[in-house]
Amino acid sequence: MMKGFQSTDIGLIPEDWGCGRIDDYFNIQQGKSVSKANRIGDNQKPFLRTSNLLWGKVTLDELDTLHFSQEEEIKYSLALNDLLVCEGGDIGRTAIWKNEMNDIYYQNHLHRVRAKVDDIDPAFILYWMQYAFQFGKLYFGRANITTIPNLSKSRLSEFTIPKPPVPEQRKIAYILSTLQKAIEQQDKLIRHTTVLKKALMQKLFTEGTKGEKQKQTEIGRLPISWEVATIIQLYDFTSKPRGLKVDLPVPFIPMEMVPLNERLITTYELRDSLSSGTYVEEGDLLLAKITPSFENGKQGFVKINKPYAYATTEVIPIKSKENISDIDYLYYYLLKTEIRNQLTGKMEGSTGRQRLNKNVLEKTLIPMPSLQEQKEIANAFISLDNKISFYEKKKRILSALFKSLLHELMTGKRRIHNLNFNIN
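First residue of the sequence shown: 0, per numbering that gives the first Met the number 0; consecutive thereafter.
Hint data in this document are derived by calculation from the structure and do not stem from the laboratory.
Hints are supplied without guarantee of correctness; some may be wrong.
[Said to hold, decoys possible] If you anchor each label on the Cβ, the simulated ranges turn out as follows:
1. A228 / E183: 38 to 46 Å
2. C18 / A78: 20 to 28 Å
3. N295 / K320: 25 to 33 Å
4. E14 / L263: 49 to 57 Å
[Stated by the list, open to error] As a list, the in silico BS3-like pairs of lysine-lysine whose alpha-carbon atoms are at most 30 Å apart:
5. K97 / K152
6. K320 / K374
7. K74 / K152
8. K187 / K197
9. K320 / K345
10. K74 / K214
11. K335 / K187
12. K115 / K152
13. K44 / K31
14. K244 / K357
15. K74 / K31
16. K239 / K362
17. K197 / K362
18. K394 / K362
19. K97 / K180
20. K196 / K56
21. K209 / K197
22. K136 / K31
23. K2 / K136
24. K212 / K362
25. K196 / K357
26. K335 / K302
27. K394 / K302
28. K202 / K318
29. K412 / K115
30. K402 / K152
Note that the Cβ used here is the ideal one computed from N, Cα and C, for glycine as well.
All chains should be modelled from the sequences, with the hints used to inform the complete structure.
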């Protein structure tokens with residue numbers, strides 16, 4: 000046993016930490032049953048379900064209502080810093096109530112866990128539950144999973160939880176909540192930038208960048224200087240040059256390496272033999288042509304620092320025509336929802352194995368601004384994608400740090416009790 004630690008049924012914890020059952024420190028109340036009879040009454044009130052609980056917080060999306068008597072309003076009330084624990088669904092998922100709404104209650108697939116002593120911080124136990132269920136796997140087997148997964152009040156009550164000194168509990172909760180807020184901020188930035196990108200797609204592909212007057216065309220209103228052309232008029236479809244000798248091993252790009260929501264294909268396999276495949280070249284845009292990869296938007300540019308490679312037969316390789324078209328412009332145009340839907344409706348084959356015929360893609364009409372304006376439009380989207388990638392990378396780093404600190408702080412392997420900082 001490590002020096003300075005004690006053995007408990009939740010593993011080794013520091014000697015100066017206590018531990019006990021949840022019901023030593025909290026009162027637990029399961030919510031009101033949702034039934035046809037309980038929906039009848041003139042005192043309809045909103046209530047929380049498992050779908051309203053995320054790890055760490057409550058969302059107020061799609062609230063339902065039930066009749067609650069005056070006695071039930073008291074029984075199933077929510078107070079600041081109450082914990083809510085999922086009895087069903089993702090059992091054990093825990094959120095903390097921060098008075099997001101007045102006059103709201105909860106249903107029987109949730110347990111309300113309310114502190115009954117002053118020397119326990121609910122926010123600390125919130126993160127303990129996340130550690131125990133998501134990473135520590137400490138309570139597995141205590142939920143009844145023989146039929147419908149559930150976590151009964153009696154089982155929840157007997158869970159052992161650690162109890163560091165209160166100042167340390169609060170410091171741990173503060174550090175983890177600060178990290179969680181930073182992660183949520185990155186999520187918010189990703190969502191906002193994605194919404195902006197979608198709105199800009201609608202604007203730039205119909206109005207352009209110069210504020211020109213518009214004209215009516217066969218694909219809708221476009222700037223007056225733009226033309227309409229087929230994809231084959233503006234772009235080339237890559238094919239293997241005659242007489243090319245393929246050297247083995249050959250780089251091969253399977254469908255799983257064609258990205259979703261990323262621009263570049265940077266990974267590949269080396270194959271010593273090749274029975275089938277599609278010849279592609281560095282810089283080609285690979286467009287997935289089979290269900291559901293096409294509908295999901297799988298596509299990307301070959302960036303593997305090889306002059307050529309082979310890819311799955313379920314992609315169509317495309318490149319720009321010099322001084323005529325910009326391949327990035329086509330990349331973003333093909334991501335437009337209405338274009339995807341239009342081409343999806345023209346896919347052929349049996350259900351579940353439908354494919355987009357290359358001839359259909361070649362004949363598809365697209366707006367044709369000048370090459371310079373194509374590049375300007377594409378660069379606007381590339382800039383937004385770069386921002387999204389930055390936010391996603393930062394989120395990954397913060398999430399990894401959160402997971403690491405959650406483990407170290409909840410097991411006492413990292414102590415912060417002697418650190419002085421303001422947690423108000």
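Cross-check of the supplied hints:
no. : hint                    : verdict
1   : A228 / E183: 38 to 46 Å : 45 Å, holds
2   : C18 / A78: 20 to 28 Å   : 25 Å, holds
3   : N295 / K320: 25 to 33 Å : 28 Å, holds
4   : E14 / L263: 49 to 57 Å  : 52 Å, holds
5   : K97 / K152              : 23 Å, holds
6   : K320 / K374             : 13 Å, holds
7   : K74 / K152              : 15 Å, holds
8   : K187 / K197             : 15 Å, holds
9   : K320 / K345             : 26 Å, holds
10  : K74 / K214              : 65 Å, violated
11  : K335 / K187             : 22 Å, holds
12  : K115 / K152             : 16 Å, holds
13  : K44 / K31               : 12 Å, holds
14  : K244 / K357             : 25 Å, holds
15  : K74 / K31               : 9 Å, holds
16  : K239 / K362             : 22 Å, holds
17  : K197 / K362             : 25 Å, holds
18  : K394 / K362             : 41 Å, violated
19  : K97 / K180              : 14 Å, holds
20  : K196 / K56              : 28 Å, holds
21  : K209 / K197             : 19 Å, holds
22  : K136 / K31              : 29 Å, holds
23  : K2 / K136               : 24 Å, holds
24  : K212 / K362             : 27 Å, holds
25  : K196 / K357             : 28 Å, holds
26  : K335 / K302             : 23 Å, holds
27  : K394 / K302             : 25 Å, holds
28  : K202 / K318             : 25 Å, holds
29  : K412 / K115             : 28 Å, holds
30  : K402 / K152             : 28 Å, holds
Of the numbered hints given earlier, the model fails hints 10 and 18; all others are met.
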